[in-house]
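There are 2 protein chains.
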Amino acid sequence: MEKVGFIGLGIMGKPMAINLLKAGFEVTILNSSQAAEEVGKQGARIAETRSRLASESDIVITMLPDSPEVEAVFSGGDNVLDSLKPGSLFIDMSTIAPAVSRKIYDMAKAKGVEALDAPVSGGQVGAEAASLSIMAGGTQEAFDRALPLFKAMGKNIVLIGGPGAGQTTKACNQLIVGVTIEAVAEAFRLAEKSGVDLARMREALLGGFAQSRILDLHGQRIIDKNFRPGFKTRLHKKDMGIVLDSGDELGLSLLAAKLVAGQMEKVLEAGDGDLDHSSLFLYV
Amino acid sequence: MEKVGFIGLGIMGKPMAINLLKAGFEVTILNSSQAAEEVGKQGARIAETRSRLASESDIVITMLPDSPEVEAVFSGGDNVLDSLKPGSLFIDMSTIAPAVSRKIYDMAKAKGVEALDAPVSGGQVGAEAASLSIMAGGTQEAFDRALPLFKAMGKNIVLIGGPGAGQTTKACNQLIVGVTIEAVAEAFRLAEKSGVDLARMREALLGGFAQSRILDLHGQRIIDKNFRPGFKTRLHKKDMGIVLDSGDELGLSLLAAKLVAGQMEKVLEAGDGDLDHSSLFLYV
Chain A
722 MEKVGFIGLG IMGKPMAINL LKAGFEVTIL NSSQAAEEVG KQGARIAETR
772 SRLASESDIV ITMLPDSPEV EAVFSGGDNV LDSLKPGSLF IDMSTIAPAV
822 SRKIYDMAKA KGVEALDAPV SGGQVGAEAA SLSIMAGGTQ EAFDRALPLF
872 KAMGKNIVLI GGPGAGQTTK ACNQLIVGVT IEAVAEAFRL AEKSGVDLAR
922 MREALLGGFA QSRILDLHGQ RIIDKNFRPG FKTRLHKKDM GIVLDSGDEL
972 GLSLLAAKLV AGQMEKVLEA GDGDLDHSSL FLYV
Chain B
722 MEKVGFIGLG IMGKPMAINL LKAGFEVTIL NSSQAAEEVG KQGARIAETR
772 SRLASESDIV ITMLPDSPEV EAVFSGGDNV LDSLKPGSLF IDMSTIAPAV
822 SRKIYDMAKA KGVEALDAPV SGGQVGAEAA SLSIMAGGTQ EAFDRALPLF
872 KAMGKNIVLI GGPGAGQTTK ACNQLIVGVT IEAVAEAFRL AEKSGVDLAR
922 MREALLGGFA QSRILDLHGQ RIIDKNFRPG FKTRLHKKDM GIVLDSGDEL
972 GLSLLAAKLV AGQMEKVLEA GDGDLDHSSL FLYV
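In order, the protein sequence lines correspond to chains A and B. Once you know that position 66 of the first sequence is 787 in the working numbering, the rest is easy, because the numbers rise by one and skip nothing. Once you know that position 177 of the second sequence is 898 in the working numbering, the rest is easy, because the numbers rise by one and skip nothing.
There may be inaccurate statements among the hints.
Claimed, not checked - Below 25 Å or equal to it, Euclidean Cα-Cα: the simulated SDA-like pairs (lysine to any residue) are: (1) B:Lys914 - A:Gly916; (2) A:Lys876 - B:Arg921; (3) B:Lys824 - A:Gly916; (4) A:Lys832 - A:Glu792; (5) B:Lys876 - B:Arg921.
Unchecked claim - Calculated from the model, a selection of chain B residues having no Cβ within reach of chain A, i.e. all distances over 12 Å: (6) Gly731; (7) Glu747; (8) Thr749; (9) Asn752; (10) Lys762; (11) Arg773; (12) Met828; (13) Arg866; (14) Gly916; (15) Asn947; (16) Lys953; (17) Arg955; (18) Asp993.
Source of the hints: derived by calculation from the structure; they are not laboratory data. None of the values given here were measured: they were computed from a predicted structure. We put the beta carbon where it would ideally sit given N, CA and C, even for glycine.
Can you build the whole structure from these sequences, using the hints too?
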């Protein structure tokens, strides 16, 4: 069984690393956080540096906040790339810019290292339940090699296309989810101000063309006035930045995505960035 | 069994009237269109004027293009209201402004006539298959009285609330559907320009939080480049006008709805108003 190095033990990464351990993988982590202690107790080995972790691993996984952190770990000071052996595999499961994923793929390839972008959706609940959706970009061979690891962490696992295709799909996911939340929020505000019973309306609309998981789950959140995360607005705002940057590179204006990013900025400016992204309702 | 007058034998109204005849209702129509001949062959009685139709009916249904047409039929020249007997029921199944529905309710009530707003969704296919979703506003008594007729025309039948609540719910439906189409259109354009396989992306996203009937059906339309209606963009644009007017009355700006109405206007200006509303994709 291949040896796995795992970097990034946050809300998502910690349960993902634990699920790899539970599936029987030998996992090495960095000694850099409280979470490391907890994952260490589940049987993970500890490495003192990133280069040490990389040199002892066949596959290195990163689960980090954003593009700069992934680039720093991959090719910055004390990096992973310089210590990975040819033939090894680098899998970034963070949500970052597709362009950065393609750059990492090229840098890895030049050293004989395979790379996959494999962002996830499903949140903390999905990470803990090993039911994440995983959208991968890269070669079929690299995907096949990663599949046993992915199966230990997720359920709906798809190779979308070449390098960056996983990140592009994740960006599209975040675009659709964000704009659909705005749609539901505006409709529920219009209904509420009109004196219409929101629960009956949600029920009626779920039976027709307006049906969506957002209408189902976030419609209920709006009815319950429950904006505990869930997925924090400030994280979704970061992802909308990736969407808009990707659009800019391709000459697309993506008007609704831009509008919703602006609405999320309002939520952040009001100090509500740690509320669930369904809190867009509060700013309609 | 109550005698029904039916006014408005368009793409939707014609099959709805026929379904009432098939269910055994005695239906009277106006002698005003080619469609009247066809519905007449199915057994409908013909009245020469609206007032004659109304005086011979216990329940009058209208299925017309927009608010002005409904107001004209209800209370304009040769109108329905003046000839309806006290205790009869007026049901408007058109998609019109909630404020107009409330006005009609009040005028009807002053004459001892009950009124329901009961807009539908499901399109021509739903009208022909008697599987329309029907969203009603009015009193429980009027709804109970209308239910046998509704069951002859639809499946998902809900009394949402008081007068106008059906129209408000329909407006919210059209808002969500329109904005969700824009969301899917922008995502698919971003993916396409990035060189991502749209069919694989659709499949992956349908398994997660971005799932919607719009992603399912209109995502497939975009992949197939099939923009035959379906539901014409110019009709959806008219409905977005109702959404925005209702928002204005309540002091709501409904930014995403406004943006999508503007995108639909672009489609119309380009002469594509008769394409399916998924043709928003062509203007991203």
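Now for the hints, and whether the structure bears them out:
no., hint, verdict
1, B:Lys914 - A:Gly916, "violated, 43 Å"
2, A:Lys876 - B:Arg921, "holds, 16 Å"
3, B:Lys824 - A:Gly916, "holds, 16 Å"
4, A:Lys832 - A:Glu792, "holds, 16 Å"
5, B:Lys876 - B:Arg921, "violated, 33 Å"
6, Gly731, "holds, 19 Å"
7, Glu747, "holds, 30 Å"
8, Thr749, "holds, 30 Å"
9, Asn752, "holds, 34 Å"
10, Lys762, "holds, 32 Å"
11, Arg773, "holds, 35 Å"
12, Met828, "holds, 20 Å"
13, Arg866, "holds, 20 Å"
14, Gly916, "violated, 7 Å"
15, Asn947, "holds, 17 Å"
16, Lys953, "holds, 14 Å"
17, Arg955, "holds, 18 Å"
18, Asp993, "holds, 18 Å"
The earlier numbered hints that this structure contradicts are 1, 5 and 14.
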